[in-house]
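Generate coordinates for the entire structure from the input sequences, incorporating the hints supplied.
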Amino acid sequence: MTFRDKVQVREENMNKKIMAIMAIFTPLLLTAYTSALADDHPLYAPYKGWPPCAVMTGEGETDRLGRSVTGVICRSTLFVPDSDKDGVSDDKDQCPDTPPGVEVDEVGCPLDSDNDGVPDYLDQCPDTPPGVAVNNEGCPVDSDGDGVPDDLDECPDTAHGVSVDEVGCPKPVVLQSGVHFGFDSAKLSPNAHTILDKVAEKMRAHPNLKVTITGYTDSIGNADYNMRLSKLRAEAAMDYLSSEGIDPSRMEAVGRGEERPVASNSTKEGRAKNRRVELQTHE
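Numbered by mature numbering (1 follows the signal peptide of the UniProt record, and there is no 0), the letters in the sequence shown go through residues -38 to -1, 1 to 245 in order.
For the record, the hints were derived by calculation from the structure and aren't laboratory data.
Each hint should be verified, as a subset may be incorrect.
Stated by the list, open to error - Label pairs and their in silico Cβ distance ranges: (1) Q56 / P223: 53 to 61 Å; (2) H122 / I182: 36 to 44 Å; (3) D67 / V42: 14 to 22 Å; (4) S151 / T229: 19 to 27 Å; (5) E68 / E99: 25 to 33 Å; (6) I182 / S151: 18 to 26 Å.
Stated by the list, open to error - Below, a list of computed lysine to aspartate or glutamate pairs in the EDC-like style, where the Cα atoms sit at most 16 Å apart: (7) K235 / D146; (8) K193 / E214; (9) K54 / D67; (10) K149 / D201.
We put the CB at the ideal spot given by N, CA and C, even for glycine.
Given below as structure tokens:
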């Protein structure tokens, strides 16, 4: 027997062994795989009636003995539906009813960039700071409806319809303005006396009316000094009204220093307007 004959015999014996092994294990494989994935399995439904593995015969492919080459082909992946078509299959989708076109995260839930509990596609305030309570539209809660959200509102119980400032507090009703002072002075001018006379007249006509007198300064000088100066200006106005017969218990003098300028402190004219007192009424 030639060397080539020996090789051919050896190859034939090997093919016989392979075919014998396939004859034994292919039915077992098909049975086990088919029982594990019955036709009524929800992820197997699109392939109903199809075997998960099949013995395939290669057309036109034969071994050295002229026999058709056979092999087992198995489906390696199952069909997994994506009901809401968001790109995340149902078996991983924690939000399976996402509306069409909504961007989702890796578990199929709509993105919530500011983590306020309202997804981006519904969030009208997508940059809410962490920890701030929001409404159904994702915007900070404004309990008193004054336009200033609760996290910034220093007066959260403002009555409905009351005009408020930037921190949510009622804007003062200015009974009288125009009381101004010279630089670094708390002395009332003749014009200030005239204005305060009118205030005293109104207060005598309305005995239940109370007044808060708030003093201000320009921005020149030390802030602590300006705070004291603004209080002196308010007290000067209060003392004058008291001299006109207004009960001091109906008045309060407050100093605000450089706060809340009504004009620019960068000009001489603006600074003159900021050196003032305002009289605000309350019951």
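Status of each hint after checking the structure:
1. Q56 / P223: 53 to 61 Å: 54 Å, holds
2. H122 / I182: 36 to 44 Å: 41 Å Cβ-Cβ, so the 36 to 44 Å window holds.
3. D67 / V42: 14 to 22 Å: Given a distance of about 18 Å, which is inside 14 to 22 Å, the answer is holds.
4. S151 / T229: 19 to 27 Å: Since S151 and T229 have Cβ atoms about 21 Å apart, the given range 19 to 27 Å holds.
5. E68 / E99: 25 to 33 Å: 26 Å, holds
6. I182 / S151: 18 to 26 Å: 19 Å, holds
7. K235 / D146: 13 Å, holds
8. K193 / E214: 10 Å, holds
9. K54 / D67: 11 Å, holds
10. K149 / D201: The given pair, whose Cα atoms are some 11 Å apart, holds under the 16 Å limit.
Of the numbered hints given earlier, the model fails none.
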